[in-house]
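Engineer: Turn these sequences into a full structure, and let the hints guide you.
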Amino acid sequence: MADENWKPKIIAIICNWCSYAGADLAGSARTQYPTGIRAIRVMCTGRIDPLFIMKAFQDGADGVLVSGCHFGDCHYLEGNYKAAKRMFLLKSVLKNIGLDDKRLRMTFVSASEGAKWATVMEDVVNTITELGPSPLTELAR
Amino acid sequence: MAEVKKNEEPRIGVFVCHCGTNIAGSIDIKAVMEYAKTLPNVAIADDYQYMCSTPGQNKIVEAIEEHKLTGIVVAACSPRLHEPTFRVATREGGLNPFRFEMANIREQNSWVHMHQPEEATEKAKDSVRIAVAKASLLEDLIPKSVPVERAAMVVGAGIGGMQAALDLASAGIKTYLVEKNPTIGGKMSQLDKTFPTLDCSQCILTPKMVDVFRHENIELLTYTEVEAVEGYIGNFDVTLRKKARGVLTLEEAEARGFVGGGCNGCGDCEDVCPVIRPNPFELGMAPMKAIYIYHPQVSPLLYTIDFDSCVKCNLCVDICGDKKAIDLNAKDEFETVKVGTVILATGYDIFPIEEKFEWGYKNYDNVITSLEFERLICASGPTGGHLIRPSDGATPKKVAFVLCAGSRDNTGVGKPYCSRFCCMYSLKHAHQIIEKIPDAVPYLFYMDIRSFGKMYEEFYYRIQDEGAKFIRGRVANILEDPVTKNLHVNAEDTLLGRPIDVEVDMVVLAAAVQPAAETDATRRLFGVSCSQDGWLLEAHPKLNPCGTTTAGVYLAGVCQGPKDIPDTVAQAEGAASAASIPIHLGEVELEPYFAVCLEDKCAGCGMCINLCPYQALALVEKEGRTVMQVTEAKCKGCGTCGGFCPGGAIWMQHFATPQIIAQIDAFLLGGEQ
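Residue numbers (the working numbering), protein chains in the order written: chain A, 4 to 144; chain B, 5 to 677.
Calculated from the structure, these hints are not laboratory results.
Fair warning: this is a prediction, and the values are worked out from it, not measured in the lab.
Check each hint, because a few of them may be wrong.
Straight-line Cα separation of at most 25 Å, DSS-like style, residue types lysine-lysine; simulated pairs [said to hold, decoys possible]:
# : chain 1 : residue 1 : chain 2 : residue 2
1 : B       : Lys-419   : A       : Lys-119
2 : A       : Lys-88    : A       : Lys-105
3 : B       : Lys-328   : B       : Lys-316
4 : B       : Lys-489   : B       : Lys-366
5 : A       : Lys-119   : A       : Lys-10
6 : A       : Lys-58    : B       : Lys-605
7 : B       : Lys-402   : B       : Lys-489
8 : B       : Lys-342   : B       : Lys-401
9 : A       : Lys-119   : B       : Lys-546
Examples of chain B residues lying across from chain A (beta carbon under 7 Å, computed) [claimed, not checked]:
#  : residue
10 : Val-116
11 : Asn-268
12 : Cys-314
13 : Asn-318
14 : Ser-395
15 : Gly-641
16 : Ile-665
17 : Leu-673
Where a beta carbon is used, it is the ideal one built from N, C-alpha and C, also for glycine.
Structural biologist: Structure below.
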């Protein structure tokens, strides 16, 4: 079981135009949030192959956050719709292999929603901390 | 293109920026730098106070040569700010600029974890490790140059759009000026005087309207809306809906063979039209026919039929006679034009102030908005410039002006922002009634008077000296005397610290402004973001206030946020300048984030074809096999195809699967060495 010093490993894959810009805005506004998440930037959430997320879980991620533009706001028209469909599908896969599907989260944070980004960060860290270490952690060792 | 060169041993240089104390204040720079040296493939790690400065950039240039680097990582601010800067330095050092990767340790680290230095430092180390992993796999990319169509479009023909169009056109660029209303001029044409100079609005606006109409490089498209947008900077294909106007211009009539025909603005049709309805230009305070012009100074001087109210009695057709200008069977027409750049100048609407029910707008006759006041005080308005009370036509002597009506309002009904020009026009209104009505007393209920512009504060003092009464306090409610129709304005005078009740003849609400109704639909067509209040989002609030995140699309005027006429005109000229740059250059470079088909892996299933929002992918026959082919000019690099391809046959340049997997692995597996 997890020791007292356990801290969740959470990876965020976020789109350049909305969520990454929103995260930057949270920074400009000096909105403080927990440190537990590392972000990788892609141009669009549509780029995110479900295999990236499976790989992250296989590598021992305790949680994965995918964040893009609001529906109708995608810089590439509809990439976020496709990403949402894939994440929805992937959640059912996760359930079937015995992972809590709350470990994968998709959010929609626009370039002007710095405060929302901070809330999402807090929320995701709390959710994953509550869930504890991923049962796949052993695989990554 | 394609696979990472396996024979090349990556040699990465890592540079950690202090950004003064912005980063160094909460992150241990030395620790991050020392850690970077231990990472695989890292040939050199260094730090500097300000990496973006000349000495900082020189460090990169020199290190590339000295250490034979194959990739650069700068751990500093957001790539959205300085990636272009460091790409230039990377290129100057002799590397392909796309062999650069940024670790964001400011916006997404030091600034958001200011009180957790240890954890922030750990996060910075992770970020550097992730960036090094990607930089080790980056490859040379060549941006694609595309020609820029020598034409521009301005959407919205208020003062901002008109100014932008005039500047573009005067710079020799063919400009399509699109306006949804039948006439150009926008909100400014509804104003009487302009602060602080008290220029007559029409007198300074109508000459510009004529200039726009006459300019040989401007194609004026009134009563027209943007229907669809395709393409990218340099090559936008914009489909326009020309709404059915029912009236032919001289040119349109000639095209139909009625030489000498077409609408000459004589107005005979209006005289015979039996349908009477409210004139929206006069805010419903004057009548208008079904075939109409808003006011005599419209440009173009061309009648329009409102087909929602037209009864098709044919009286107008008969009186128009040989001019044959009227076509009651007109339908919407569509036209697609190609432009290189676009300026959005879609303006604003007045917040529906009746939602603040406590002030009684639309409930009490004598509560009006400032825009209605403008029409009533304007010599060309419905009352010929005589301010009257709507209830009885009497001249009001005591008039209350309620500032911040719906602005700076966090109650949930109203807008949290300052609408920025209401203070000044309310001061102007106060001056106007003092000037026009003997013994008139204006009462201004204000929170703060924001007279921020050139000569504005002086104007404020002038109005004080003229006898206007200023009461600092927000109006709680307004009650009507049912007999006299006078109004009791209840507020707390916060300077005297007591509630007051002022009985006045009329109340003018300086209502908040909000983005024009069609703004949201229009911005989505052009892929422009908006702020939480719906105003269009500029590329950078300080350093790129006219640009947007969509290359080739620029902003002018209030659509970007409330601003007065001088600021609108200034931004319009800025936007016109920015929009003319790609056109004058003749070609622009597109970021080379294209999809590339790895033909040996492609099974030709075609699943990707329908995923592409830009129709950039197609199946082709090659050497007896069916494979996918990308049209680079159409591909915008979103990667939606690459995120799906079941065979891993789509290589997204700069965001390739091995590069992203390397980042994931570096974070999750790389830290425990």
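Engineer: In ascending order, which of the hints set out earlier in this document are inconsistent with the structure?
Structural biologist: 8, 11, 12, 13 and 14
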